[in-house]
Amino acid sequence: MLECERCHKTFNHKSSYYRHKSKSCHTGSSNKCEYCGKQCRDVSNLMRHIKTTHNSHNTVMTTNHHHYTTIINNPIYLSRDPSFLEKLIKLKGGQEEALNAIKEAIYNEVKGEVKLFGEMYLQGDDPTKWPIICVDEKTRFFKIRMEDGTWLSDPDGVESRRRFYGNYTDSVLILMNQFMFLPVVDHGVELDDFSDRAGEKMDHVDLKTIQNRLTVICSQKFNQELFAKELTKLYFKRIRDIQNSKKDCDILLEKLTHI
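All letters in the sequence shown, in the order written, are residues 189 to 447 by the numbering used here.
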């Protein structure tokens, strides 16, 4: 028997339990409107509410993910950010969705992690608000926006990698602790169903894969050249997508050439 920790409703099957948590349970905070506090039944209703009620807040809907994002009006900064996980949860629409995004990134290694980098930092259709620019596609020479308005040279994206992966690994460890360790450690160890509950939590996370990946990230084995290559590829794909969809994109790109 599985019990929802939010509303305490019980389920006989894992599939029903997880479906309830991600789409139906309305007592958690992940489906709460950040503008007026209205609690919505699920993420889709939350997005509909924001679009119809708070259109003046410049929110836009994404169709390929179950979450909403905000049009970027202020510059984004790439820094060691203790609120990185909170922003990821907000972007994905919930804690479990954030965990799934982390798992997808880890399983796909550099390519998956760069994809997550793009979702977090290359938001919106105004590249002048992004925290990085790629000055030269061939040499993979980047610059990072500093909060004082200056730009830090970043050949091969080494510093971009250091800052992003610091936030990324922190988030991995926090989510692992929250979804796997905290619900199990010292909670009903003496009960007959403890091993089943522990095993169920382990199903959320492939611990060995995550441990191995974090070890590589923090070692000399990390493929920095591949990271720079994938980040450059993603950056210019985003630029080309914007160019194809916006008539005034050339004006925005012209600003980047003066940095």
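No lab work stands behind these hints: they were computed from the structure.
Incorrect hints may appear among the rest.
[As the list claims (entries may be wrong)] Below are the PhoX-like pairs computed for lysine-lysine, each with C-alpha atoms no more than 20 Å apart in a straight line:
#, residue 1, residue 2
1, K331, K303
2, K226, K303
3, K226, K331
4, K326, K421
Consistency of the hints with the structure:
For the proposed pair K331 and K303, the alpha carbon gap of about 19 Å is at most 20 Å, so the pair holds. A distance of roughly 31 Å separates the Cα atoms of K226 and K303; the hinted pair therefore is violated under the 20 Å criterion. For the hint linking K226 to K331, the alpha-carbon distance of about 40 Å lies beyond 20 Å, and the restraint is violated. At roughly 10 Å between alpha-carbon atoms, K326 and K421 fall within 20 Å of each other, so this suggested pair holds.
When the structure is compared with the earlier hints, violations turn up for hints 2, 3 and for no others.
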